[in-house]
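Protein sequence lines, in the order shown, are assigned to chains H and R.
First residue of the first sequence: 18, per my numbering; consecutive thereafter.
First residue of the second sequence: 18, per my numbering; consecutive thereafter.
Please keep in mind that the hints were generated in silico from the structure rather than gathered at the bench.
Each hint should be verified, as a subset may be incorrect.
Said to hold, decoys possible - Straight line, CA to CA, 20 Å or less: simulated SDA-like cross-link-like pairs of lysine to any residue:
#1 R:LYS19 x H:GLU196
#2 R:LYS411 x R:LEU381
#3 H:LYS40 x R:LEU381
Protein chains: 2
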Amino acid sequence: MKRTAFSALGRRTAEPPISWLMKMTLDHPHLISLAAGFTDNPSLPVREVRETLEEILRSPASGPPALQYGSTVGDPLLRRLTAERLRVLDGVKPARGGGDLYAPERLLVTSGSQQLLYMITEALCDPGDLVLLEDPTYFVYLGITQSHGLRCRGIRLAEDGLDLDYLAGVLEQLKRQGELSRVKMLYLVTYYQNPTGVTTRFEKKVGALELLRRYERAAGHPIYLLEDAAYRELRFAGPAVPSALACAGLGERVIYAGTYSKPFATGARVGFGLLPRELFSIVTRIKGNHDFGSANLLQQLMARVLRSGRYEAHLEEVAPRYARKAAVIGQALRAHFPASVRWMEPQGGMYVWARLPAGLKAGLRSKLFQAALARDVLYVPGELCYADDPTRRKPAHELRLSFGGGSLPELRAGIARLGEVLTAQMG
Amino acid sequence: MKRTAFSALGRRTAEPPISWLMKMTLDHPHLISLAAGFTDNPSLPVREVRETLEEILRSPASGPPALQYGSTVGDPLLRRLTAERLRVLDGVKPARGGGDLYAPERLLVTSGSQQLLYMITEALCDPGDLVLLEDPTYFVYLGITQSHGLRCRGIRLAEDGLDLDYLAGVLEQLKRQGELSRVKMLYLVTYYQNPTGVTTRFEKKVGALELLRRYERAAGHPIYLLEDAAYRELRFAGPAVPSALACAGLGERVIYAGTYSKPFATGARVGFGLLPRELFSIVTRIKGNHDFGSANLLQQLMARVLRSGRYEAHLEEVAPRYARKAAVIGQALRAHFPASVRWMEPQGGMYVWARLPAGLKAGLRSKLFQAALARDVLYVPGELCYADDPTRRKPAHELRLSFGGGSLPELRAGIARLGEVLTAQMG
Chain H
18 MKRTAFSALG RRTAEPPISW LMKMTLDHPH LISLAAGFTD NPSLPVREVR ETLEEILRSP
78 ASGPPALQYG STVGDPLLRR LTAERLRVLD GVKPARGGGD LYAPERLLVT SGSQQLLYMI
138 TEALCDPGDL VLLEDPTYFV YLGITQSHGL RCRGIRLAED GLDLDYLAGV LEQLKRQGEL
198 SRVKMLYLVT YYQNPTGVTT RFEKKVGALE LLRRYERAAG HPIYLLEDAA YRELRFAGPA
258 VPSALACAGL GERVIYAGTY SKPFATGARV GFGLLPRELF SIVTRIKGNH DFGSANLLQQ
318 LMARVLRSGR YEAHLEEVAP RYARKAAVIG QALRAHFPAS VRWMEPQGGM YVWARLPAGL
378 KAGLRSKLFQ AALARDVLYV PGELCYADDP TRRKPAHELR LSFGGGSLPE LRAGIARLGE
438 VLTAQMG
Chain R
18 MKRTAFSALG RRTAEPPISW LMKMTLDHPH LISLAAGFTD NPSLPVREVR ETLEEILRSP
78 ASGPPALQYG STVGDPLLRR LTAERLRVLD GVKPARGGGD LYAPERLLVT SGSQQLLYMI
138 TEALCDPGDL VLLEDPTYFV YLGITQSHGL RCRGIRLAED GLDLDYLAGV LEQLKRQGEL
198 SRVKMLYLVT YYQNPTGVTT RFEKKVGALE LLRRYERAAG HPIYLLEDAA YRELRFAGPA
258 VPSALACAGL GERVIYAGTY SKPFATGARV GFGLLPRELF SIVTRIKGNH DFGSANLLQQ
318 LMARVLRSGR YEAHLEEVAP RYARKAAVIG QALRAHFPAS VRWMEPQGGM YVWARLPAGL
378 KAGLRSKLFQ AALARDVLYV PGELCYADDP TRRKPAHELR LSFGGGSLPE LRAGIARLGE
438 VLTAQMG
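Let the sequences and hints guide you as you build the complete structure.
As structure tokens, then:
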């Protein structure tokens, strides 16, 4: 029979590496997965959700409206509480006049922050356009850039965030090549980054925005900073860093992507964005075409969870649990991994990034990966987290280890097995 | 400052007419809206949702998993029960071998059926491609075609569905023009259509699929029928019509878009699609990029609502309420509308389509619309439901009247006022 005529986007949309990893999990029922980005199951807010939904549904005033359509932009209370919360987290006072970056009118509720990343990319990027992003970066975002036919430039990442000199060099090179007009944004995962655990220092956000601003004239249009703050609230050590919105005079170029999915309940998938005014209406229209608004019941749930104080209480309960898991995986890494493997103590989020000696390969087809699988332990090969960028090779000697989902014994056993495999491989 | 460089999609994504109508509602607090596509508020399944969520969340076996990520394709139980239910509705026996169109593996769970419409369009259509659709059609779908830069051809609609001779004529014309290779699908809202209330006879589905099949050779690829069955389960009169999936030997070209949003709870927004195998993996990947799966909690909710029989019981409770509303709006139309206005008694769904004498204009800028607004009554101008199609003019003398959301007194009063305005206008 004749073949389906897919669109260019359809043809470009590749099988995500994650589905291959998930298949591995199904095929190996006794597998310890250090790959999945699951949150801590025992601390999921079952009681809080149960009580709050009961409050909503038992009242004739709130029950039926929660089961009816809301608006495309989202529930008014949720928008207000979320915007206020961000202002407080950033320590920024309300601005006078129309320039308030934390105005609820700039807040769009989405289905997880992932939907916002998708819609922003749709709104700004044509095939062939350029997105700058961290080396390495969140690999699901790479699925979006790939499906939209975008070109990527990876920016070197230091332990305190983006290498600004490297960013400056890339921008300068793109300017020389006459490619700046194709650069639409810089995508950064700024808190306990997926996959490296790196948090971007505030001064680096300022520096990045200043650099982008400097090249805007040559680009002929704004170059946005898309700040993905998905893990921001899973902090258990180190200082609280304000978002890029707080960069005085530069925050108007920031698209802030946040979520209640990771810190509260991934099964509820309530995310949001704070958007520059000039983007807000277009992205809202796109949202209207996608689904004309996220599920109202879950928005009402999140609004009440925030208002009642249950959200803050939950965060305080969760932080020590992740801290404990991070400590346990750290102990196990010190005990079982060869000394030549480099990794960084996490301060939040759920990932540890391990760098093997440069010659050793960790990819899906590597001996290491296969040997780990034979010992029933799974990790994410680091090379999956690098964009296709013709200006550099993808490092192949890194691995992402998640400590969010596993129990303490699983973390210990998983790292011990992986350590044995590594030791054997490294002879 | 320099202007934002939106993508072509961003630039094409127009303000939806619905937001203008919603603004009207806000500006006129005493307005009776016969425009909004709301469902019947008092019969929303608050008790059913409350009990089911309580069941899920009180059990340690089901509570935490419901608040954790699910898979991109959707909850296994929900997929199975939904696919089985469709098979029963269609009265089709399980096929042997790999050709079973109702296999749960073909079912993708989405955020309302709207998200499926968006992703199917993304997967199949490039700018300039052609979509055939009913004249008139669901206007939110027109937002999708517009943002993707698609060309549309409107197919005349009779009281029992698509005018097949007209469809044949359009296909023949496109063949002559060498445009068939750009035709990707025929989009039909087959049950109690939004906006006309028309239900497509089963024989017409067969006829449409046969026609599409006949032109596939010249097109060089499959031409799909995207069957939007959003209102299927809101039936209160007339026969139960099988879906296009049941068209023997032709169902493999059918993309079936269904939803629990309209018949159960729009605030939960659980939709689904049954997809041809060759589309399933690409659309699932696109879904992965959109949001890697709809909210798990709501999927668990719907799965249990189906399994417990609460869903069927709810449908039986809801049908007479819509029947009553349809009867009341019918009585009011007979009592208050001039005899020259044509409309069709609804058998399901929530819309009545009224045709004024051809000279009279009903559009947003018409005297009629303004006069109605001055009397605090709002309708959807029919012209908003017609695609841009250079081969015909958009009729301007029609209106869509919703009876889903309004109370019986509101429906009576709204139609009475509109009748007075019409009588005055028609002199």
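Okay, the hints, checked on the actual structure:
no.: 1; hint: R:LYS19 x H:GLU196; result: holds (17 Å)
no.: 2; hint: R:LYS411 x R:LEU381; result: holds (14 Å)
no.: 3; hint: H:LYS40 x R:LEU381; result: violated (53 Å)
The structure is inconsistent with hint 3 alone, although it conforms to all the rest.
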